[in-house]
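Visitor: In the UniProt record's numbering, the protein residues as written are 1 to 320.
Everything labelled a hint here was simulated from the structure, so no lab data went into it.
Each residue gets a CB set at the ideal place from its N, CA and C atoms; glycine is no exception.
Among the clues, some could well be false.
Stated by the list, open to error - Estimated spans, in silico, between C-beta atoms of each pair:
hint	residue 1	residue 2	range
1	R314	D218	45 to 51 Å
2	I31	P114	54 to 60 Å
3	W138	A57	18 to 24 Å
4	D218	V290	26 to 32 Å
5	G41	K196	35 to 41 Å
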Amino acid sequence: MGAGHEHTHATADSDRRWLAAALAVILVFMIGEVTVGILAGSLALLSDAAHMLTDAASIALALWAIRLAARPAAGRMTYGWKRVEILSAQANGLTLLLLAVWLGYEAIRRLIDPPAVTGGLVLITALVGIVVNLLATWMISRANRTSLNVEGAYQHILNDLFAFIATAVAGVIILLTGFARADALATLVVVVLMIKAGVELVRSASRIFLEAAPADLDPDEIGRAMAARDGVVEVHDLHIWEITSGSPALSAHVLVDPGRDCHAVREDLARWLHDEHHIEHATLQVDHAVPRLLDIGHADDHCEDNHGPAHRARGLQPER
1 MGAGHEHTHA TADSDRRWLA AALAVILVFM IGEVTVGILA GSLALLSDAA
51 HMLTDAASIA LALWAIRLAA RPAAGRMTYG WKRVEILSAQ ANGLTLLLLA
101 VWLGYEAIRR LIDPPAVTGG LVLITALVGI VVNLLATWMI SRANRTSLNV
151 EGAYQHILND LFAFIATAVA GVIILLTGFA RADALATLVV VVLMIKAGVE
201 LVRSASRIFL EAAPADLDPD EIGRAMAARD GVVEVHDLHI WEITSGSPAL
251 SAHVLVDPGR DCHAVREDLA RWLHDEHHIE HATLQVDHAV PRLLDIGHAD
301 DHCEDNHGPA HRARGLQPER
């Protein structure tokens, strides 16, 4: 456990370093982009700058969440502050969606009445922005992206990279053809990408807040497999959820054959859950099954209000 604890702290420290480096790069470029966007009269550049502002905010929020999540469990916070990382991810998803609505409105308005746009400034700034965002994207990709918190910051930066590519294309079109609406069309492309990323982040964060089982863990499949383990008669009140992204937890009431050692069965199940499904936080209430359950295969009176289906060992009649 000590080695794992040190590894977690080392990963968090590494994540903080990469995120802080990306934040510094983005802030420096954002200031320059706002200046050029105003001079060029480019909505695409100003929208990119606004997006970069949310990028900076998302990275700062991610850094704060990592620091807070490192606090140990204490007092009323029995799981510690790990769920703060999910709050950060959801906030990042919501800001992407809100920003997409605003930029979409502005882009449609400029499609109807396009202002004059300086294509050369747009193109040069966009090309520099691509380089800057490639660097920032690479930095954040070096952090632990299995964390939904880090993934939220990464999606912000990745979408900004796509935005600069679209803006560069718009700059080329404006330079070659004078078609000013290309600036607004580039913004709409970015809006679609922002909506997609925002919806994915909000959906993933909401699943954790609603205590849903992780996408890669099927409760029914795991329940049946647990019931098939040696000595197990029934598994019910099975719950699988995530404390934070990448930290699945499980609790269940397990009934075992009266002739078997409850402690040995519990250790076997805990080891199997860890090895097969990487569930390190498993809370198992283990009791001997009453003869009535073994004889006729009906639920006993041990739990008056079971949550979810009861998984039975083979040979026992399923609950009706």
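Visitor: Failing hints, ascending?
Guide: 1, 2, 5
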